[in-house]
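The primary structure of each chain is shown beneath.
Protein chains: 2
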Amino acid sequence: MREPYAVTAAGLPERVTVYEVGPRDGLQNEAAVVPVEVKAEFVARLAAAGHRVIETTSFVHPAWVPQLADAAELLTRVERMPGVRYPVLVPNERGLDRALEHGVEEIAVFASATETFARKNLNRTLESQFEMFEPVVARALGHGLRVRAYVSMCFGDPWEGPTPVGQVVSVGRRLLDLGCFELSLGDTIGVGTPGHVVALIGAFGDPSRLAVHFHDTYGQALANTLAALRAGVTVVDASTGGIGGCPYAESATGNLATEDLVWMLHGLGVETGLDLASLVETSTWLAAELGRPSPSRVVQALGVSPARRTADRDVKE
Amino acid sequence: MREPYAVTAAGLPERVTVYEVGPRDGLQNEAAVVPVEVKAEFVARLAAAGHRVIETTSFVHPAWVPQLADAAELLTRVERMPGVRYPVLVPNERGLDRALEHGVEEIAVFASATETFARKNLNRTLESQFEMFEPVVARALGHGLRVRAYVSMCFGDPWEGPTPVGQVVSVGRRLLDLGCFELSLGDTIGVGTPGHVVALIGAFGDPSRLAVHFHDTYGQALANTLAALRAGVTVVDASTGGIGGCPYAESATGNLATEDLVWMLHGLGVETGLDLASLVETSTWLAAELGRPSPSRVVQALGVSPARRTADRDVKE
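These protein sequences, in sequence, are chains B and D.
According to full-length UniProt numbering, the first sequence is numbered sequentially starting from 1.
According to full-length UniProt numbering, the second sequence is numbered sequentially starting from 1.
Think of the hints as simulated: they come from the structure by calculation, not from any bench.
Computed from a predicted structure; not experimentally measured.
For every residue, glycine included, the Cβ atom is placed at its ideal position computed from N, Cα and C.
Take these hints with a grain of salt, some might be off.
For each label pair, taking beta carbons as the anchor points, the in silico distance ranges come out as [unchecked claim]: (1) G269(B) to A138(D): 41 to 47 Å; (2) P164(D) to A10(B): 17 to 23 Å; (3) M1(D) to G232(B): 50 to 56 Å; (4) G11(B) to P82(D): 19 to 25 Å.
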């Protein structure tokens with residue numbers, strides 16, 4: 001399979017951790033409900049491709065996200081490989097109880113950077129959402145778990161327009177102060193651009209505990225990632241195959257595709273530990289399970305059939 | 001319509017010229033042959049959206065590119081607006097004769113950076129291709145025309161792997177020395193990554209006569225553009241709607257979508273003179289003519305129906 005040609009650039013990290021969110025953020029936003037055995041195979045394939053952190057599922061209430069109602073069963077089916085982290089999203093204390101019952105070692109909590117999204121998604125205010133996180137994080141830390149925090153709508157939301165940078169920093173700092181080891185800055189609706197990314201990361205001062213989580217709704221995810229890497233971020237969330245929103249359906253909010261990210265990173269000589277061919281093969285397999293093509297450009301270019309892969313020999317201009 | 005929120009970044013130009021290639025590079029690579037009146041309307045809509053340079057068609061032999069066999073008729077139908085350039089691709093002296101007959105004021109010639117593509121696309125060697133360009137450029141300049149030069153396969157080709165930077169610089173300098181006012185560095189198969197872009201532009205020394213031409217085959221086009229802008233390039237080729245290769249068909253070689261580029265540029269506070277809403281409207285109209293959705297993420301997010309545009313109010317996570 002074609003691989004990118006590596007030419008390094010100044011000012012970039014030597015190694016990047018790709019935080020794989022496909023099984024959780026990807027599948028929860030797909031129209032299709034995927035059978036639990038397919039999910040378990042997906043997670044196993046991701047680990048085999050070299051992923052060392054795979055957000056596996058969510059203990060959100062099944063009425064909210066029916067796609068992930070099988071979270072408990074999935075965890076019993078996933079064979080946890082040594083050296084691989086399998087974090088689970090936990091929205092509240094009930095979710096934490098379930099995570100603890102299933103031997104989860106790392107969780108993620110999910111906060112909003114905007115007032116309206118806090119109300120709509122969490123049924124809380126921007127301020128009162130912390131009343132929900134505080135006992136979850138404290139109890140999780142008490143059990144020796146690692147806790148990651150997502151901040152969503154960091155660049156804008158559909159109701160309030162652009163999100164003030166200071167507001168994101170305020171929410172994010174409080175989560176770090178609670179004891180979260182990492183903060184994932186989410187562009188949930190994909191509207192951000194590179195200058196905004198650099199300004200937000202810069203406003204935090206220290207990028208060492210920051211990750212970025214871009215959705216490709218406006219095609220900006222990879223350019224924003226490049227800007228974030230230059231600003232010192234070394235953890236990037238992505239979804240194998242770019243799942244999480246059909247590009248031609250109601251909500252074009254797919255995550256940055258892991259394959260497109262890896263093509264850029266390997267092209268820049270940045271280590272990821274990931275095997276691109278295995279990822280493309282996994283996405284091709286998953287696309288068949290989901291019944292629609294992957295929105296990842298790399299998967300579209302490389303992942304279809306052997307006949308397809310030879311088509312580029314007939315390039316003409 | 002939603003517009004990007006502007007946050008400037010250091011080290012970028014204040015203004016970028018978007019060199020629109022949709023009617024030529026886009027339509028020549030579409031499976032559908034578009035009626036000449038639709039093409040004329042497309043060009044008129046592009047000018048109305050603020051484009052000041054629109055590569056309109058090609059005087060290549062119709063047997064090679066039947067999609068553009070109507071070049072002469074199209075030029076008679078296009079109402080040329082003051083202040084707008086309408087360059088035409090011209091492969092050889094016969095093409096130049098036809099361009100001169102139709103009052104064309106700017107042409108573009110098309111060179112290869114690799115031996116194999118020179119043979120396959122031009123039926124020449126890397127060296128002997130210049131025998132074809134020299135009389136075209138000389139005669140065009142003699143008639144007072146401006147001549148742009150494309151160099152294709154600047155990052156790699158399907159046969160030889162990565163293209164040596166020095167080889168691209170050698171081909172490019174010879175074209176500039178012939179009197180071409182601008183050199184468009186093409187990633188024809190879309191394999192390049194940002195470090196390679198910076199290395200290539202740096203190898204030329206002076207970026208002031210360079211443009212970049214990225215295809216989004218591997219999802220790298222916008223990140224590569226960001227790198228090129230930082231390296232001093234201020235002219236970027238793009239295709240409204242990202243036409244020029246269906247993402248789900250045989251050849252996923254679409255150009256960078258003008259809308260995705262403009263979202264980033266306006267988000268960075270870079271002036272383009274373009275009206276994003278008009279571009280999206282044009283791409284939505286053209287997608288209906290082509291019978292397939294636009295591969296542009298921005299068009300997918302904003303360009304469908306009013307019902308679609310309100311769907312993002314129901315974002316959930």
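We went through each hint and held it up to the structure:
no. : hint                           : result
1   : G269(B) to A138(D): 41 to 47 Å : 43 Å, holds
2   : P164(D) to A10(B): 17 to 23 Å  : 21 Å, holds
3   : M1(D) to G232(B): 50 to 56 Å   : 34 Å, violated
4   : G11(B) to P82(D): 19 to 25 Å   : 44 Å, violated
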